[in-house]
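Visitor: For reference, the chains in residue letters:
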Amino acid sequence: MVDLLELDKLSFRYPDAPRKAVVDFDLTVGEGEVLVLAGPSGCGKSTLLRAINGLIPHMYTGDYSGDVRVAGSSVRTSPMRDLAQTVGFLFQNPENQIFMFTVERDIAFGLENLGVPRPEMRKRVNEAISLLGIEDLSQRAPHELSDGQKQRVALAGVLAMRPRLIILDEPTSLLDPKTAMELVDLVARLRKEMGTTFVIVEHRLDLLVKVADRIVVMNAGAKVLDGTPRDVLFGEDADGYGVSVPVVTRVQKMLSRGGLAPDDRLLSAAELASIVGGEGA
Amino acid sequence: MIEFRDVAFIHDNGVKALDRVTLKVDAGETIAIVGENGAGKTTLVKHVTGLLKPTSGMVLVDGIDTRTTSTATLSRKVGVAFQNPDHQLFSESVKEEMAFALRNFGFPPHLVEQRISWGLQLFGLEEYRESSPLVLSGGEKKRLTLACILAWDPAVVILDEPTVGQDAIQKERLAGTIRMLGSTGKTVVVVSHDIEFLWPLQPRVVVMKSGHIVADGPAAELMAKKEMLESARVAQPQLVSFYQALAKRPGSPFVDALEARRWIEGGQR
Amino acid sequence: MWLSGGFIFRRGTSRYHKLDPRVKLLISALMFVTTLIVRSVFQLVIVLAFMVAVAAIATVLRRVARTMVLTATFSAFIFIINIVITRNLETSALYASRFVAIVVSTSLFFITTSPDELEQVMKMFRLPRDVVFAFVTAVRFIPVMMLDALQIMDAQKSRGLELEKGNFLRRIRNLVPILIPLVVNAVVRSGELAEAMESRAYGAVPRPTSLAVYRARTTDRVVAVFAVLTFAFAAYSFYFLLPTFLP
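Protein chains in written order, with the working numbering: chain V, 1 to 281; chain U, 1001 to 1269; chain L, 2001 to 2247.
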């Protein structure tokens, strides 16, 4: 697998800040991977995300050392207009990333900015709309939509740019569990159908464990854990970093210590029950 | 303490947000209101402080009819922590922010001082006494809004989606605060779709769907009803799913789901 | 409330709504100019009647009627002030009713023209891209800000703030806890919007392309010509013919 994203000893300090927000961060993400970034509030996740899509250093200046490379090109030297076509960013609040009065117009926003000719724009907008299943929303005004619908619209706008890597910043925070599951299924589908790479910041790990290839935990700007969900969540340190270890995993951990459950992979509630319940059926 | 008598609420645009809602919450109870977004949870909460008046039926708070009382008066007894702290912080300093409600409710100056100190201590915000509330972090702002509410010591505390955007440590602290409120005799209402957060608190649960109350009872009982939860689009706590799956297995080392639960939760402590 | 009823766009399906926005602008502009040309209250009433007729065709009659009534109460002030200053009943009435007509003609344009159409019109007038964008985004967020304001009021009422009570000065003071969070939220919102704009390549090319097409149809041309002719006729009549027949 080719590395789509490379963070090479990245450090960043905001001007007038006493401490660095990101400290000596190393990370590689391969094409098609789904990586979940977790850590306590204030650990620097937001800063890291912005260093990946170029808002740092193009929009936010500060003490920047190390490098971030997307598809081989350094973020520092690539202009935002190029980065915007490779890295998509879905911000936490869907409201504040929808600009136009009509959904369809907003999905085309990025393409209009790039000067994409109308026929190609039309094609991509239709494609994004159908990928997200929001055909019936295309002529609506954003303030008429629910939070979940707004999020889909914002995501469509990102997808229309056909990015190879999409960043999702706490995408489930405003959603109820069922809608959140629908989003997770969507991520899985996009990864499968389009080969899109995802970097997702999230607290609610129980929802994302299904689709994550890797979990990276951050604390005070530094990377502290990096591994498969099983490795990270089964490890002793996860709790200490305020990571929400899913309840079922906790139970599995407990039972595995007593020899009642395996510890080589993460199990769902049903799977765990079937194993613990003994052989049969 | 709080009573809804056959309450219906219809928006200006004709949408029925609450339909035949009847609910009674006794003083000192801790209850959780769950349901998908749009089920009417926040609408219900707004009726308690009179922000919304019922289209039909009535809402009583400590015997007072909300239809004829102002929100400010009702708020003296019912503190509501809304989801977004940025919708209320405006003062020059944290202490001024805490004084705002106290002064509105007519607390004398020396008592205001006392309550401010007490609240800041309780929520670990003393160091920010003179700082602007706008520079606090998200988690600190949420603690500040809670501190502001507890300063005026309402009998009822309502928390609207308190876990949104909170990390595991913050949620632990929040759970502790809720337990503390309950143990000091306050009536606590938590509106949340975070079922994993609510489960260990074992509150009374009210399930809402499309403006109706579809279930009302102890958490242990209600969370076992899979079909009801499915139709209300409420997630089932993972532990409950586990116990249920376990209980169905033949040859299970546990006699029943309840025993499994005792074993596991005993081990968790 | 009056402002929102009179100037906020709401989707409609009438033939009028479907007209090219330039034609709608033309019609309102012509109405506007007509109100400045008329010389008597009687003539103005004719113009107002015409506006009401157009509003009816555009199926926005109720809103326009309400705007008229609410503006009329405000223009009573104008009437009184003019009476005091000029002591002339006729001209005072003219000024007051002219005010109503001006508001209604402008309102007619805004309530039937969507922000996207407004954007097209602004682009056609070669306004700078940043200005057009700022305008469209501002309009898009009006309902959001209104909702914010309501939520802020709810939150502060729940802390004992009584917005209804007190003398004039007290009421102004009580707006501070509403206005500050509103402004702060607007500022934070702009910051987030800026991030989103950058992330979607705003400013990448000097002349962005557009998904929407606005081509004038025959209907639009016909209506435009008809509007100009009507205006010419009305201007002539009001200015020359009628005064010779009526006071």
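I should point out that these hints are in silico values taken from the structure, not numbers from a laboratory.
If you're wondering where the values come from, they're calculated on a predicted model, not measured in any experiment.
There may be inaccurate statements among the hints.
[Claimed, not checked] To give an idea of the interface, some chain L residues facing chain U are shown, with a C-beta separation under 10 Å as derived from the structure:
#1 L2036
#2 D2148
#3 I2152
#4 N2167
#5 P2181
#6 N2185
#7 L2193
Ideal Cβ placement from N, Cα and C applies to all residues, glycine included.
Visitor: Hint by hint, say whether it matches the structure.
Guide: Here's how the hints hold up against the structure:
{"no.": "1", "hint": "L2036", "in the structure": "violated (38 Å)"}
{"no.": "2", "hint": "D2148", "in the structure": "holds (7 Å)"}
{"no.": "3", "hint": "I2152", "in the structure": "holds (5 Å)"}
{"no.": "4", "hint": "N2167", "in the structure": "violated (17 Å)"}
{"no.": "5", "hint": "P2181", "in the structure": "holds (5 Å)"}
{"no.": "6", "hint": "N2185", "in the structure": "holds (6 Å)"}
{"no.": "7", "hint": "L2193", "in the structure": "violated (16 Å)"}
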